[in-house]
Amino acid sequence: MDGMNRRRFLKVLGVTGAGAATLSACGIGPEPTEKLIPYLIQPEDQIPGTATYYASTCRECAAGCGIHVRVREGRAVKIEGNPESPINRGRLCARGQAALQGLYNPDRVTGPMVRNAAGGFAPIAWDAAITQLRTKLGAAQARGIVFLTGADASTFGDLVDDWMRQVGGRRVSYEAFGFEALRAGNRLAFGTAAVPDYDFANAKYVLSFGADFLDTWLSPVAFQNGFARAHGFDGGRDASMAKFVFVGPRLSLTGMNADEWVAALPGTEGLLALAMAQVIVSRRLAALPADAGRLAGLLAAHTPSAVAATTGLEEQLIVRLAREFAASQGGLAVAGGMAAQYANGAEIVAAVNILNYVVGAVGKLVKFGPDLAAGDIGTFGDLAQLTAEMAAGHVSVLLVHGANPAHSLPGAFPQALGKVGYKVSFSSYMDETAAAADLILPDVHPLEQWNDSRPRAGVYALQQPAMQPVFPETRHTGDVVLSLLGRPGSFRDHLQNRWRELHKRFGAGKSFEQFWMEAVQHGGLYGDVPARVVRLAESATRISPAAMPPEGGGDQTVVVFPHPVLHDGRGANKPWLQELPDPVAKIAWHGWVEVHPETAARWGVATGDFLLLKSPFGAVKAPVWITPSVRPDVLAVPTGQGHSAFGRYAKDRSFNAFELLRAEANGYGGRSFAVRATATKTGEHRKIVTTEGSPRERGEGSVEVLTLARAKALHAGDHPFHHEETPEYAKEAVEWWGERQVEKAELGNYRGEQPRWGLAVDLSKCTGCSACVTACYAENNLATVGEALMQRGREMAWLRLERYWQTDEAGTPQGAVNSPMMCQQCGNAPCEPVCPVYAAYHTPDGLNGQVYNRCVGTRYCSNNCPYKVRYFNWYNYAEPGGQWEAWPEPLHMLLNPDVTVREKGVMEKCTFCVQRIRGAQNKARLEDRNVRDGEIVTACAQACPSEAIVFGDLHDRNSQVYKLAGNPRGYHVLAGLNTKPAVTYLARVVNNG
Amino acid sequence: MADAPTRVTYDYVTRTIARTLGNPTRGYFLLLGAAVSLLAVGIVTLLFLLRYGLGLAGYSHPVYWAVFITCFVFWVGIAHSGTLISAILFLFRSGWRTAVYRTAEAMTVFAVMTAGLFPLIHIGRQWYFYWLVPYPNERGLWPNFKSPLIWDEFAIGTYFTVSTVFLIMGLIPDIAAVRDLATGWRKKLYTLCSVGWRGTNEEWRHYTRGYLYLAALATPLVLSVHSVVSWDFAMAIVPGWHATIFAPYFVAGAIYSGCAMVITLLVPIRKLFQLEELISVKHFENLSKLCLLTGSIVGYAYVCEYFIAWFSGNPTERAAFWYRAFGPYWWATWTMLICNAFLPLLLWVKKIRTNLTALFVISIFVNIGMWFERYVIIVVSLAGEPYTPWANAVYNPTWADWGIMAGSFGWFFMWFLLFVKNFPTVSIAEVKEVLPPPRRAGARTHA
Amino acid sequence: MIPLPKPLHDLFRPPPTPGVLGVFAHLDATVDAIKTLRAGGHTEFTVYSPIPRHELEDALGQPVSPVRMFTLVGGIAGCAFGAWLTLYMSYDWPLVVGGKPVGSIPPYVVIMFEMTILFGALSTILGIVFNAIFAARRLGTIQWDPRFTNDKFGVFVPAAPGAAAAAEALLKGSGAEEVRRG
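Chains as they are written, first to last, in the working numbering: chain X, 26 to 1018; chain W, 240 to 686; chain P, 145 to 326.
The following block holds chain X by itself, in its conformation from the complex (with noise of 0.2 Å):
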């Protein structure tokens, strides 16, 4: 990974803040250009035909990992992880990488507009508008002020209390998964709001309460990236791989990932913690901590007999897993997700605090003093209070930025928002919050302006535009709050201001200016906070995490639970994350309600049949998903989808699980996630769009999966997997006949030594997190088809994520295999030979070369792949204006320059990235010298946080590939095929020991 970074460091360096300025200087801007080279006077920075690489701070959630932006022409094309960044390691979710598509979101709102007489929208200037926004602001006369951001632990944010207590006013920052919960079990437990952070990559059991810390809690890149070092069989660290034991109603991306599943009732996730810390404590399985005496009024109370019938689990298990969790010297224990969503999920993540404590994690592995971001939230709570007073009038003025609480709060925010006087978004879409504003000053997307963020205390994350801005009529917030202050200068002077404080702490013996460069490319100052000491706070031992009933009547439990995406619907509008299949459910373009097999059987649905939920606060109709990783008494839906606005791909699609959730906030402010609903048949069918199989392995050699104990057991050299079907008497004459071929084939170009490019994925890494498929999508020019095409399984995706349940004998899943299936560039590649025009032919190196504009549509490649990895272009996706069209303007600028936009008619399939190859070859061949190893990483490689996915050339012996081509737990897919694959897995290892 050295050369990549060393390379990466070359591009960003010599790259400032300035360099974006020059770009708007010499005005390449949005607009496609005819010219060849647009330039007139070519900027220093900008080669055209090379990239540039702005490091930046991404802002899709509060995680705040750092980025790389590829910029080519002035255009940002592609976001890859800052290998620099503490928090991501270089690595990014898919979420991450498609904040491209809200930067040239077709549906932006591309000025300021003010609400007319018609109650429609009529463009404004800006200055009449910041006008028109003092005045209100001045007659409000500091009463009722309020302005709304989302999470912002920023300079902005700063900036924006600031100018609220000028103008007397108040901020409310909120997150529809705000974690109070988290917040408030940790002030129960130690006293301390704060979110500590988490150490997964040195855990040796993981125990997670609900908490999806692979997909959407806190900062599910860093924690992935940790988790894979942890779970993965020899994952850095040597074959003692930690298990992971996932308690919660069903099974999220998170959950599928453990090597067992403990399906408590919901609710009673934190007894089973009490319990478990009960045994630890009394059969003094750990070394206490001094102050454990402290409890032994609660823990005994909490005895696993006495649990045992509440949580619906045998007495036996909580015991073998409270010792497996102290045995194995490393436990950690993390509570949060659907644990945390009723209302005693502050006492339930206390509880699960105490048993962290009891073993000694608290401090080890749960650090308190490099405390997440998650922690400067404002509560729903605070949220609920504003709606109450804006419903009663009190509010004059409300501004609205990076926060869409008509969404997620649907019905009384809305009927609230009516009262108030007047109605500011800053908005870059045409939200539901935005629509109902009475003026609408679009901020530019994060890409395209300057801010900073405190991800993690240490941590200071830059924020830089990596390109003028898409709609020169937007603004950035920070410049208009600027001027509604009446200070001078733009919001980076303001910044920079802010930064002359780091200098002075952090800039010893560097000029500002220095200083400020050095953090522009790196992406920020990033240092390490000691982690400080927690004590039991007296509320621990008060706790009583009791089952508490959801609120609510109906004789169903329903889970509503965040889109691992789509999150609480942000997500919606970006069609790579409508098109990714949802890891787990595999449904995309829709919601659903996840039912047991039996529930279904039981009332009779069928997947794709409506049912109606309807609980006391909100009624929605989904369509069934019938699956065995949801509990029998419950059903579960997710966020994202069910919009009323917000732009073309979100618009009036699915429904609003929102809908079903209390309005008012619970005990301890949070917001409870889980109702009691009522559900009822509504004959409605729909074929909703699923890409999953066979849900279970077909024993076709798909996927392979070792129990640790055998996997430890694996010497190098083993093939447990190799069958070899050739008789001996036949082996030598086969052999002999084989070389007779490759002489006959050493004609031409494929003379001499040539590489093998190849690909290994470890599958006891991969968590199905689907970053690499978005990843592809982005580098590839992948076309997204819509819903209609894919309900024909027309999607475009050269990597699909197959996923097979791991179930036990009683057919429940244990968790999941996942399996990233691309093409497998064959050495005996069946699809080139029937390829009757050599569109299909085998390249020097290895490559199953699909030659676009040789192709005449046969189709009869892939018929003859027995993977089923070649997709084809039914209808012209680029056609502009067309009925298929995959990127409307502005959408297009996102395409990669160095890869072809395919035509109507030719069949496409994974190169391996060849572009990158082949770059990485050219530059190799300038600086005269060979490629080095790990110097070519593909995008789904690169992408991948849990660092499962290695590239490089089979026939270098050194090479990383090469070591793990040769592992014992490496196999191919359908081997028996003989079709030679240059793409090896490595078997999952689970941990059942």
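Treat each hint with caution, since some may be false.
[As the list claims (entries may be wrong)] Below 20 Å or equal to it, Euclidean Cα-Cα: the simulated EDC-like pairs (lysine to aspartate or glutamate) are:
#, chain 1, residue 1, chain 2, residue 2
1, X, K646, X, D518
2, P, K244, X, E778
3, P, K244, X, E760
4, X, K529, X, D518
5, P, K244, X, D316
6, X, K161, X, D132
7, X, K988, X, D870
8, W, K590, W, E672
9, X, K1005, X, E812
10, P, K244, X, D187
11, X, K389, X, D316
12, W, K426, P, D289
13, W, K427, P, D236
14, P, K244, X, E812
15, P, K179, P, D202
16, X, K712, X, E729
17, W, K426, P, D295
18, P, K244, X, E768
19, X, K769, P, D236
20, P, K244, X, D518
Quick caveat, the hints were computed from the structure, so don't treat them as lab data.
Given chain X, work out where chains W and P should sit, using these hints.
Same frame as chain X, but now just chains W and P:
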């Protein structure tokens, strides 16, 4: 046909057949109109496909070949009985062919013309179809002769050429015969087409020899063509395609469907043109016997496929065939089995063999069955492809598929109708050959 | 009639040959006529018939048609062409597919076979055409009757105006129902 009534003389034969070329009736024009309008439907559909792309058809991953290729194989199959009857039976010197082979041959030529269109329609970039032809080009690239599709191209091309010249050769003496009876524009047409045939001993000498060799060449050709078509599938590794039995299986099936189609066409022709004297029930009986034979071979092939799938113990093979019989496409499979394997068994009964109405109905069913056979082999094998459980689909044809298919029927029948009205549908010369030649009274007869 | 350029005109419309044409209603009568003609030392006469009959062939006793040579040569040429096509085009720009040899014979056999058939058939047609045309050229323009393609047989005996009478008598004798001179 020595037992033919004495009034069937050379002259009678000539005039009866020449009469079929008389001016057409309204019914004929109605049929022709129907055919042409079907063709129009096909053309419009094709225009849509060209403008918007193949997505309009029902394809869904991984079913990348469907109705178009089904129709292709169907029509190629139809094309097989013609040459079989004219060439192989000619070599076997079986007299009964003389009355029916012209129809069969014409059908062959037009069926190949129809089949040949489908590969061009079904490819993604139809406007580049000529890239499959080996011609010197600026890309310096030749076609890939390892691809079964190129074999196809050569096999079908050869078959079309040879069967066409074979048809024309047979026609020449007959055209000369009608030329000498015809008047007006027909006279001009036939004068041109008969290339100055006079029936001299020299002409006959070379003609008969040449005809023999053409037959000798056409015989292996007809067997090869459908073998090659079958290899389009057998060469692929798709379970349900990858089988050594395919070549004989397909050839038998082809001849089977061909004979069925001949019956379907001959029954009405015989009625409309009042050729009862020349095309007797015996001819139909022989045709239906041919159907019975080939049908049984096909039925045997079905059994074989399933047996091998089970016997091989190969899980993917077994999965594929289980999916075929009991998967979502069970209806297609069972239609095929009933129409092709069971229904024709009725032909064991002489009463049915000799009942033209029954024969007509059965032949229609066989045609349907054979279409479904190809549908099952192509679509179902792909849809249930058991290698990758994550790439299965249930495919449903759309209006575009049906439109093109309708167009193909229109195209075929248009040509056939034009042919029967303008050229002798029954061979004049060869029917005469099996008649007792005119002899002086009292002369001993030996035919 | 369509006018033709000179060389073709000579080929297709050769100069008239004087002679006698006998029209026969019966096959056996025609056979007798042929036999007597050959007995009488005639060799250059022509027989018309609506269909080929073995009786006539036997009576005429002509050598086997040379068409078969055309077929043979054509077939061999076709096979060779197929081999050249496939092998040359494979090695002209070697592209490896499916790990198979660049020039692999088994698949190419199919092409060779089809080419054999195609060339064989086409050259057979040429054989027929050429032989028939040149035969006609030899005979020159001779008398003919449209009924010959229907149900009548005919024998044309080329004869100088002087010798015509003898030929007439001969044809009548063997049962010609009509004799024409021209």
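Against the structure, the hints come out as follows:
1. For the suggested pair K646 (chain X) and D518 (chain X), the alpha carbons sit about 50 Å apart, so the restraint of at most 20 Å is broken.
2. With a CA separation close to 19 Å, the supplied pair K244 (chain P) and E778 (chain X) stays within the 20 Å bound.
3. As the CA atoms of K244 (chain P) and E760 (chain X) are separated by approximately 14 Å, the hinted pair is consistent with the 20 Å bound.
4. Proposed proximity of K529 (chain X) and D518 (chain X) is supported: the alpha carbons are some 17 Å apart, at most 20 Å.
5. For the proposed pair K244 (chain P) and D316 (chain X), the alpha carbon gap of about 74 Å is over 20 Å, so the pair is violated.
6. Distance hint between K161 (chain X) and D132 (chain X) is unfulfilled; the C-alpha atoms sit about 28 Å from each other, more than 20 Å.
7. A distance of roughly 19 Å separates the Cα atoms of K988 (chain X) and D870 (chain X); the hinted pair therefore holds under the 20 Å criterion.
8. Proposed proximity of K590 (chain W) and E672 (chain W) is contradicted: the alpha carbons are some 30 Å apart, above 20 Å.
9. Distance check on the hinted pair: K1005 (chain X) and E812 (chain X) sit about 35 Å apart at the alpha-carbon level, beyond 20 Å; violated.
10. Taking the CA atoms of K244 (chain P) and D187 (chain X), the gap is about 73 Å. The hint is violated against a cut of 20 Å.
11. Taking the CA atoms of K389 (chain X) and D316 (chain X), the gap is near 17 Å; set against the 20 Å cutoff, the hint holds.
12. Restraint check for K426 (chain W) and D289 (chain P): satisfied, since their Cα atoms lie roughly 16 Å apart, inside the 20 Å limit.
13. With a CA separation close to 50 Å, the supplied pair K427 (chain W) and D236 (chain P) exceeds the 20 Å bound.
14. Between K244 (chain P) and E812 (chain X), the direct Cα distance comes to roughly 41 Å. Violation of the 20 Å bound is thereby established for this hinted pair.
15. A C-alpha spacing of about 10 Å is found between K179 (chain P) and D202 (chain P), which places the hinted pair at or below 20 Å, so the restraint holds.
16. Proximity of K712 (chain X) to E729 (chain X) is assessed by CA-CA distance (about 31 Å); at most 20 Å being required, the pair is judged violated.
17. Pair hint K426 (chain W) plus D295 (chain P) holds up; C-alpha atoms about 19 Å apart against a cutoff of 20 Å.
18. Between K244 (chain P) and E768 (chain X), the direct Cα distance comes to roughly 10 Å. Compliance with the 20 Å bound is thereby established for this hinted pair.
19. At most 20 Å may separate the alpha-carbon atoms for a hinted pair to count; K769 (chain X) and D236 (chain P) meet this at roughly 14 Å.
20. Between the alpha carbons of K244 (chain P) and D518 (chain X) the distance comes to roughly 66 Å, so the proposed pair goes past 20 Å and is violated.
Hints 1, 5, 6, 8, 9, 10, 13, 14, 16, 20, counting from the list given before, are not met by this structure.
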